[in-house]
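S.K.: Each chain, written out:
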Amino acid sequence: MIQMNIQLIISAIVLGLSMSGVYFLLTVGLSLCYGLMRMISLDQFFYYALGAYMVYTITSLTGSFLLGALGAMLTTLVVAFVVERLINKRVYSKPVMFSMILTFGVNLMGVGLIKYVWGLTPKPVASPIGGSLNILGTSVPGYRIFVILLAVLVYLAVQYFLNKTILGTAIRAGIDDAEKVKALGINISRLFTVTFVLSSVLSALAGVIHAPFVMVSPEMGMSITAFAFMVVIIGGLGSIKGTMVSALIVGQVVSLGALIWAPLAEMAPFLVMIFILLIKPTGLYGSKLMNR
Amino acid sequence: MGRPNIVEVKNLSAAYGQSKVLFDVSLKIKANERVSIVGRNGAGKTTLLKCMASLLAPTNGSVVYDRTELVGKQSYEVARMGLKYIDQDKHVFLDLTVRENLELSSYATGDYDWDKVFKHFPKLKILIDRKGAYLSGGERQMLMVGRAILGDPKVLLIDEPTEGLAPSIVDDLVTTFHELSKDCAILTVGQNLSFVSRIAERIYAMKEGKLVAEITDAAEIKNSSYSHYL
Amino acid sequence: MKRFINSWTGIFIVFILLYFLKGFLPPAFLTEVVIFSIYAMGCSFLIGRLGLTSFGQPAFLAFGAYGAGVYLYYFGTNSYVAILVGVLASLVINMLVGTFLVRLNSSYFTLCNQAFCVVTFFIFQKALVKWTFGDNGLLLISRMDPTPVIDLTSPRGIYLFSFIIAILVWLFFNYLMKKSVFGATCLCVKDNEEKLRFLGYKTFNIKWLAFVIANTVAGLAGALYTVYFCMVNANIANVSSASEAVAISMLGGAGTLFGPLVGSFIFIGLKDIVSRFISHWEVLVGFLLIVVMLAGEKGIVGSLESYLAKRKAKKSMMQPALTKEGGL
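Chains as they are written, first to last, in my numbering: chain R, 1 to 292; chain U, 293 to 522; chain H, 523 to 850.
Where hints are given, some of them may not hold.
What the hints assert, rightly or not - List time: in silico BS3-like cross-link candidates among lysine-lysine, alpha-carbon distance up to 30 Å:
#1 H:Lys793 - H:Lys701
#2 U:Lys322 - R:Lys89
#3 R:Lys94 - H:Lys836
What the hints assert, rightly or not - Okay, the calculated bits of chain R under chain U, using three or more residues with CB under 8 Å as the criterion:
#4 157-170
#5 180-188
Note that these hints are calculated values from the structure, not bench results. Every value quoted in this text rests on a predicted model; they were computed, and no experiment measured them. C-beta: ideal position from N, C-alpha, C; glycine also.
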């Protein structure tokens, strides 16, 4: 009996970690966009769903998940680029509210188009990595471990990009003060495009790796919205490290909460969020800068 | 003096929404000249500089720099062409080290010759790995000017360079500006008359959005006889 | 004031005429428009006057709806009382939720609000499924008695009643926006909260009160919905319909008095027409949102108002010039 419980807890922890990976990939884009462009890009959830659908289509056509993942990211790159150039760049200079409503519109339109192209029935995506690992006598699906490793890799890559490359330095400078970056002679609107497309591709990647966990459905973006927001809020908008930490927290709270009482899976992170906001209204790592 | 005009501002007007701030401002800056604009708070000095650097769009008028019209250009293009604006708030990127601040400027202008920065501001070499947040006001001003001279600008627009700085640092700035003006023209804006007297070759007085006087006489500049325009 | 009365009587006469001209438009459509405009009024006020974008509006609609629904299902049969219970329930919940949400800055407010909406949906759908019956909902048809004066169980009765309520709400918001100091301070909060604080106002109280008013109005709309449809299910709190209130507000013009009515009329009309041809009208809502935001975010009524104001200003500028010329 006790053996059983330990196994349950270990598999819940691993599941929670892999969920954290998905949440992190999805929210890092939200955070980056808010940090640099002062916009809340709600259309990230569309790219997330688009990524999942593309990986479903390409995988079922070619049989290769890797090809599907690459295709999904490429498609999103193009779509996000077009959306940014045509629509989003027009509201950067306006208050956050405008970008929220506008990108929500983009999101709705995108989801509607997905419904047209792929229909309403949920689609399954087979897990690309079979087999399982044995951790302390508990068998854990290999794919979950892969997701965790991938998320760690992406976190390191993003950190490297931001801290060690010149574009990343420019993005960090822009988070501080976009006007001064312009005055230095850097084309900030290109920087915005790069950041937005990067964020969207990461969101698509989140959709890709989440697809084998869940059925791919048009509403998948909507159903993960609340968790993504909770992650962003708990971590503090605009902070990559905060996003990572709070993704870890929310992942564990969701999966361990579900172990205790199923409805807790969705209520518990909300309670955690309220608790943290009562102590620190800007989230764990959010700074005063974010009041601007 | 036969020096050519490097910047020529003609009939520049600007407004924030409905309220007009600049009225038909015209001025000229010659190459390697040190010009100052003095005026009270709210006279429109900062607005004028921002319009010249294309950070603000003027309602009409023209800014010609090096035979190129600047109005309508993006501010980053203007900066790359060699007309740099240095803000008054002494705001360096807090999260970036001195090195990264300079790297950014080099990236924008393609000029990686940092020796000229260290020649004017040797202290920056010592502080190279310190983050912007931990620099003093004077060091920040050095960094702001230092990163601006990368890319060999021909004009520096410096907004209130002495604000909030200790007198000894201001003295250093005076010598630095004199040296810098061997390579580029400098337009400063401010209310610190003793500083202006020491660096300016020519002074414009600004009042309520208009240029009201031009002082070219060296003696007048020296004894601050234009102080009634403030 | 005179112009105000004129425009009001105009609208009033149109709706009353429509009430008696039965065959003109389906009353179902009009009832929905009226109730929706009440619902959107709160959202429009929050966006236009307070600068708070509320994507969690369905949650507040649901509190009113479930307040009325639970009363009718478990306690009584009178629809008037049910609506009152719904409003009171949403008032109490808004007062509690407001103390928490309003402390946040506007970005966090929006995100938290939407998260709150999801959790509310979930509570009604799953956590309280024993009492709310989740997606099946509370069916109330057999439990509602005909009411005196205006029979709320008849389609025409509910239309007239919600129309009267809508007029009262509009009058209330008209007072709030145009006559009261409170409305002015709300605009200041949107513009520059810090400065208002320097003036000696406790901005928390202003935002809290505005939040409670706006969302209680949403609750009122929810209670009307329950009585109108004779049922309530968890879908009313579904976050995917969160865009509707915002879309209507932006379409009509956020913060304007007639915006919600015009917006509801166009939105629900379009939805009715479009859903006959294509099944997924989200595309349309999204498209409308994008167009409105890119076209200057003033909305239909907002653009009209500023156009009229401009013309008026031009006229008044022309007037003295003309007389001057005449004098010469």
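S.K.: Work down the list of hints and note, for each, if the structure agrees.
M.R.: Status of the hints after comparison with the structure:
Proposed proximity of Lys793 (chain H) and Lys701 (chain H) is contradicted: the alpha carbons are some 35 Å apart, above 30 Å. At roughly 38 Å between alpha-carbon atoms, Lys322 (chain U) and Lys89 (chain R) are farther apart than 30 Å, so this suggested pair is violated. Note on Lys94 (chain R) and Lys836 (chain H): the hinted pairing holds, with a Cα-Cα distance of about 29 Å set against a maximum of 30 Å. Note: the segment 157-170 of chain R has 3 residues with beta-carbon separation from chain U under 8 Å; the three-residue rule is met and the coverage holds.
As drawn, the segment 180-188 of chain R meets chain U at 9 residues by the rule of a beta-carbon pair under 8 Å; at three or more, the given contact holds.
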